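Novice: Sequence:
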Amino acid sequence: MNRRAFAQMMTAALAKPGWLHARGTTAKGVRFSFMLWALEIQAPFDRCVEIVAEAGYQGIELTGEFQKWSPEERRRVMARLRSLGLVVDSMSGVRAGFAVAEETGAFREQFVEHLRYAKELECPQVILLSGKRVAGAAGQRETAVENLKRAAEIAAKEGVEIVIEPIDLIENPPIYLASVRDGFEIARAVNMPQVKVLYDFYHEQRSFGNLIEKLEKNVDMVGLVHIADVPGRHEAGTGEIDYTTIYRKLAELKYNRWIAMEYYPTEDPVASLKKTKAEAQRALGTV
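As numbered in the UniProt record's numbering, residues 1 to 287 make up the sequence shown, in order.
Don't read these hints as lab results, they were simulated from the structure. Careful, some of the hints might be misleading.
Stated by the list, open to error - Below 25 angstroms or equal to it, Euclidean Cα-Cα: the simulated SDA-like pairs (lysine to any residue) are:
#1 Lys132 - Glu122
#2 Lys275 - Leu86
#3 Lys277 - Asp46
#4 Lys28 - Pro124
#5 Lys254 - Gly232
#6 Lys277 - Arg116
#7 Lys249 - Asn210
#8 Lys28 - Lys254
#9 Lys254 - Asn218
#10 Lys274 - Val30
#11 Lys254 - Pro231
#12 Lys277 - Glu40
#13 Lys217 - Glu161
#14 Lys254 - Ala278
#15 Lys157 - Arg116
#16 Lys28 - Asp46
#17 Lys217 - Ser272
#18 Lys157 - Asp220
#19 Lys277 - Thr238
#20 Lys68 - Leu81
#21 Lys254 - Gln205
#22 Lys149 - Arg95
#23 Lys28 - Glu267
#24 Lys157 - Glu122
#25 Lys132 - Leu81
#26 Lys249 - Leu215
#27 Lys274 - Glu40
#28 Lys68 - Ala38
#29 Lys217 - Gly285
#30 Lys119 - Lys132
#31 Lys149 - Glu120
#32 Lys68 - Glu103
#33 Lys68 - Glu158
#34 Lys119 - Val160
#35 Lys68 - Trp37
#36 Lys275 - Glu54
#37 Lys119 - Leu81
#38 Lys68 - Thr104
#39 Lys157 - Arg108
Being a predicted model, the structure only gives us computed values, none of them experimental.
Based on the provided sequences and hints, a complete structural model is requested.
Specialist: Here it is, written out as structure tokens:
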């Protein structure tokens, strides 16, 4: 083949929209995790971990289970996770809210303790909640920013990242931080690389919607995404959220962090988890 023929062939190939789309929107580096509490209502902890591993995921996320474990139990869990090729990618469990002035002392104490657990479980990211909206209280935004700045300074020394999670008002009517829009504003006001936002599409859809626009404008502040469909908190594709479009947008925006499923399986858990991961990978362009 001469040089001119080769150039013509490549020009024709590059002109095909399908080829460009597949190469241009691949989300390299994305890994998949499962928020374990959504499985623990169906099976014991050890079996839940096995389900996640059998489905081909790389991580699990915890919501305070570890606080009840003895040091020996935490070591046993870590050994089991290593044997299954899993890590703890994120964890919650701080009960005090970062946006409630009267809880500031408890928040800071619990956060320091939480980092000790994170170190034991080799977890690089912690999830924090705002706490309740206080009627008549002024300055909750300022309280949130100040507490998160202090927390970020401590987290930076331990090499841990913070993600703040908005919860929808249907699930938690008194919550202060209910939308990712406010979450992004708070994280930008903190202005420290250790503080980002957990974009839970399930929560955001229930109260506010407009998922894509907020993702596009703020992807640089997204530290983690959670996946479940509305209504019912089941698999992506069972409800009203167009997850294929969301995954494609994540790829287009070069999101390369964890994608964590947080849903109630409607079929055999291993089959369900495999299916949701495979569908996500196809839409992301990683397979």
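Novice: Next step is simple, just say for each hint if it's right about the structure.
Specialist: Checked hints:
At most 25 angstroms may separate the alpha-carbon atoms for a hinted pair to count; Lys132 and Glu122 exceed this at roughly 30 angstroms. Between Lys275 and Leu86 the alpha-carbon distance is near 19 angstroms, which keeps this suggested pair within the 25 angstroms criterion. As the CA atoms of Lys277 and Asp46 are separated by approximately 21 angstroms, the hinted pair is consistent with the 25 angstroms bound. At roughly 20 angstroms between alpha-carbon atoms, Lys28 and Pro124 fall within 25 angstroms of each other, so this suggested pair holds.
Among the hinted pairs, Lys254 with Gly232 is inconsistent with the structure: their alpha-carbon atoms are about 29 angstroms apart, more than 25 angstroms. A distance of roughly 31 angstroms separates the Cα atoms of Lys277 and Arg116; the hinted pair therefore is violated under the 25 angstroms criterion. Distance hint between Lys249 and Asn210 is fulfilled; the C-alpha atoms sit about 13 angstroms from each other, no more than 25 angstroms. Pair hint Lys28 plus Lys254 holds up; C-alpha atoms about 8 angstroms apart against a cutoff of 25 angstroms.
As the CA atoms of Lys254 and Asn218 are separated by approximately 12 angstroms, the hinted pair is consistent with the 25 angstroms bound. Restraint check for Lys274 and Val30: satisfied, since their Cα atoms lie roughly 16 angstroms apart, inside the 25 angstroms limit. Annotation: proposed proximity of Lys254 to Pro231 is violated, straight-line Cα distance about 28 angstroms (limit 25 angstroms). Straight-line distance between C-alpha atoms of Lys277 and Glu40 comes to about 19 angstroms, which keeps the hinted pair within the 25 angstroms bound.
With a CA separation close to 21 angstroms, the supplied pair Lys217 and Glu161 stays within the 25 angstroms bound. In summary, the hint linking Lys254 to Ala278 is supported, as the alpha carbons are separated by about 19 angstroms, within the 25 angstroms threshold. A C-alpha spacing of about 12 angstroms is found between Lys157 and Arg116, which places the hinted pair at or below 25 angstroms, so the restraint holds. Among the hinted pairs, Lys28 with Asp46 is inconsistent with the structure: their alpha-carbon atoms are about 30 angstroms apart, more than 25 angstroms.
For a cut-off of 25 angstroms, the pair hint linking Lys217 to Ser272 is broken: about 32 angstroms separates their Cα positions. Our distance criterion of 25 angstroms between C-alpha atoms is met by Lys157 and Asp220, whose separation comes to about 22 angstroms. Proposed proximity of Lys277 and Thr238 is supported: the alpha carbons are some 14 angstroms apart, at most 25 angstroms. Restraint check for Lys68 and Leu81: satisfied, since their Cα atoms lie roughly 18 angstroms apart, inside the 25 angstroms limit.
For the suggested pair Lys254 and Gln205, the alpha carbons sit about 22 angstroms apart, so the restraint of at most 25 angstroms is met. For the hint linking Lys149 to Arg95, the alpha-carbon distance of about 18 angstroms falls within 25 angstroms, and the restraint holds. Between Lys28 and Glu267 the alpha-carbon distance is near 29 angstroms, which puts this suggested pair outside the 25 angstroms criterion. For the proposed pair Lys157 and Glu122, the alpha carbon gap of about 15 angstroms is at most 25 angstroms, so the pair holds.
A distance of roughly 34 angstroms separates the Cα atoms of Lys132 and Leu81; the hinted pair therefore is violated under the 25 angstroms criterion. Distance hint between Lys249 and Leu215 is fulfilled; the C-alpha atoms sit about 8 angstroms from each other, no more than 25 angstroms. With a CA separation close to 18 angstroms, the supplied pair Lys274 and Glu40 stays within the 25 angstroms bound. Taking the CA atoms of Lys68 and Ala38, the gap is near 18 angstroms; set against the 25 angstroms cutoff, the hint holds.
Between the alpha carbons of Lys217 and Gly285 the distance comes to roughly 22 angstroms, so the proposed pair stays at or under 25 angstroms and holds. Annotation: proposed proximity of Lys119 to Lys132 is violated, straight-line Cα distance about 28 angstroms (limit 25 angstroms). Among the hinted pairs, Lys149 with Glu120 is consistent with the structure: their alpha-carbon atoms are about 24 angstroms apart, no more than 25 angstroms. Proximity of Lys68 to Glu103 is assessed by CA-CA distance (about 22 angstroms); at most 25 angstroms being required, the pair is judged to hold.
Only pairs whose Cα atoms come within 25 angstroms are accepted, and Lys68 paired with Glu158 is accepted, the gap being roughly 23 angstroms. Between Lys119 and Val160 the CA atoms are separated by roughly 9 angstroms; this keeps the pair inside 25 angstroms, and the hint holds. Taking the CA atoms of Lys68 and Trp37, the gap is near 15 angstroms; set against the 25 angstroms cutoff, the hint holds. Only pairs whose Cα atoms come within 25 angstroms are accepted, and Lys275 paired with Glu54 is accepted, the gap being roughly 12 angstroms.
At roughly 15 angstroms between alpha-carbon atoms, Lys119 and Leu81 fall within 25 angstroms of each other, so this suggested pair holds. Distance hint between Lys68 and Thr104 is fulfilled; the C-alpha atoms sit about 23 angstroms from each other, no more than 25 angstroms. For a cut-off of 25 angstroms, the pair hint linking Lys157 to Arg108 stands: about 15 angstroms separates their Cα positions.
Hint compliance for this structure: hints 1, 5, 6, 11, 16, 17, 23, 25, 30 are broken, all remaining hints hold.
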